[in-house]
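From first to last, the protein sequence lines are chains F and Z.
One point on numbering: in the working numbering, the residue at position 37 of the first sequence is 37, and numbering is uninterrupted.
One point on numbering: in the working numbering, the residue at position 168 of the second sequence is 168, and numbering is uninterrupted.
The reader is advised that the hints may include incorrect statements.
[Said to hold, decoys possible] In the DSBU-like style, the derived pairs of lysine-lysine whose C-alpha atoms are separated by at most 35 angstroms in a straight line are:
1. K37/Z - K273/Z
2. K87/Z - K303/Z
3. K274/Z - K26/F
4. K37/Z - K87/Z
5. K26/F - K37/Z
6. K26/F - K91/Z
7. K91/Z - K274/Z
8. K274/Z - K87/Z
9. K26/F - K273/Z
10. K91/Z - K273/Z
11. K37/Z - K91/Z
12. K303/Z - K26/F
No wet-lab data here; the hints were simulated from the structure.
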Amino acid sequence: MRSVVDALMANEWSRSLQVNGVPLAKVAEGGAWLELAGDGPFASRTLAALAGRA
Amino acid sequence: MQGARDLLATPASERIQHAIVGSASLFDARRGQSILKGVVLADTPEEMALSWAATVIAEWNRDGKHPVDITANPTPEQRADVEGALKTGWKLRASAVAFQNDWITYGPSFTPLFVAATNDDAAAPLNSQQLERNRFVNRVLAHEMEHVVTFPSWSQTLKPSLTDLTLAQLANKSLFAYLAGQQPVRWMEEGGTDLLTVWTGNSDRIAAATGLRAAGPERNNYEAERMGMTRLLELAGIDTDRAVDRAAAEELLQGGTLEQEPRRIAERIVAQKKIDAAHLDELTDRIVRTAPVSPYIVAVLPKKLHGPADALINTITARRFDRFERYVNALAAGTVAEARALAVEADRASASEDQAFERQFPAPRA
Chain F
1 MRSVVDALMA NEWSRSLQVN GVPLAKVAEG GAWLELAGDG PFASRTLAAL
51 AGRA
Chain Z
1 MQGARDLLAT PASERIQHAI VGSASLFDAR RGQSILKGVV LADTPEEMAL
51 SWAATVIAEW NRDGKHPVDI TANPTPEQRA DVEGALKTGW KLRASAVAFQ
101 NDWITYGPSF TPLFVAATND DAAAPLNSQQ LERNRFVNRV LAHEMEHVVT
151 FPSWSQTLKP SLTDLTLAQL ANKSLFAYLA GQQPVRWMEE GGTDLLTVWT
201 GNSDRIAAAT GLRAAGPERN NYEAERMGMT RLLELAGIDT DRAVDRAAAE
251 ELLQGGTLEQ EPRRIAERIV AQKKIDAAHL DELTDRIVRT APVSPYIVAV
301 LPKKLHGPAD ALINTITARR FDRFERYVNA LAAGTVAEAR ALAVEADRAS
351 ASEDQAFERQ FPAPRA
């Protein structure tokens, strides 16, 4: 799902779209996208930050 | 305010990991199956809208029915679809506490509290406000995991209508009608999910898994759905006040698809009340029809009306399940003609209640 956001950020036409008047490029900078990496039981998974400064 | 991303660079990062992975691991023993891929901690409503739009676009491209080229030059129609997804995300999901599909997106009413909880001094006693906050945090974490980690039919059931709405219909369709259309299945999912989450004794289990100490379960919101589900489970012989009965409820509610849930409950009521199995189909149909007035409609009303609207929904829900119980008892007594007359009367009364609710709380049109 984060890959969709990254793709939108890679194009000028989509970077200039807005949500509630806020440019998408700015919106996409926010939040933390954390992937549950690995397979098997959740107890053995780890979170991998797809965006952010982890 | 420190944003969610900034947090990942702090020592709280490890506790965030513990809480999220821990809440997911509550479901490891039960199903071993999951569509959950990750979580988004959103700081703003705009981020909620973007996350929702990204979900819809990923879905369009995955199933190939409505591919949107987001890597090169899209057609004007595809561009309009992306804009439509963002607008719909804003309209439907910006103010949500959380929403979920194969990811869970937690919203700005949750993220700062979650972050604060993970920053508590692990060795120090917590004050009452911290314990209260953690009750909310633990409840939301477990509630959302219930939706996606158990059986994936929940999001699959709702997705087609969300996609349709995004594509073309939003301008021509009232939000009320859209939300009401989801109600027959949605209330059962929310009611079951939340009831299992706040079940007697379960809050300690959640707190142990997330590492966030809390003071008992939090039971705000979802009152009508929990009430309806509680009434159904009671008729099925499951006591929602008994910790030991949770396993049976979990198997009944999460042990199959959402679409088949009314049937599973009907089967259990038939067995419990010794009703002739020939009436299974009509009992299933009656369960489907006995839905609360959609509580999701409240979300699109002005805030000052939320309290009175919720109160009316709760009153109406209690009446509907009183009528349902009379119907079940008539079936159990073998007075089938009386049961069917009660069913007709119940449908008439429900229609009248829906109209009265909409008159008193007219929903803004999309």
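These are the hints, each one checked on the structure:
1. K37/Z - K273/Z: Cα-Cα ~42 angstroms, so violated.
2. K87/Z - K303/Z: Since the Cα atoms of K87/Z and K303/Z sit roughly 21 angstroms apart, the hinted pair holds (cutoff 35 angstroms).
3. K274/Z - K26/F: This hinted pair is violated, its Cα atoms lying about 61 angstroms apart.
4. K37/Z - K87/Z: It holds: about 25 angstroms lies between the C-alpha atoms, which stays within 35 angstroms.
5. K26/F - K37/Z: With Cα atoms ~24 angstroms apart, K26/F and K37/Z stay inside 35 angstroms; holds.
6. K26/F - K91/Z: holds (19 angstroms)
7. K91/Z - K274/Z: Violated, at roughly 47 angstroms.
8. K274/Z - K87/Z: Violated, at roughly 51 angstroms.
9. K26/F - K273/Z: violated (59 angstroms)
10. K91/Z - K273/Z: violated (45 angstroms)
11. K37/Z - K91/Z: holds (25 angstroms)
12. K303/Z - K26/F: Roughly 28 angstroms between the alpha carbons, so the hint for K303/Z and K26/F holds.
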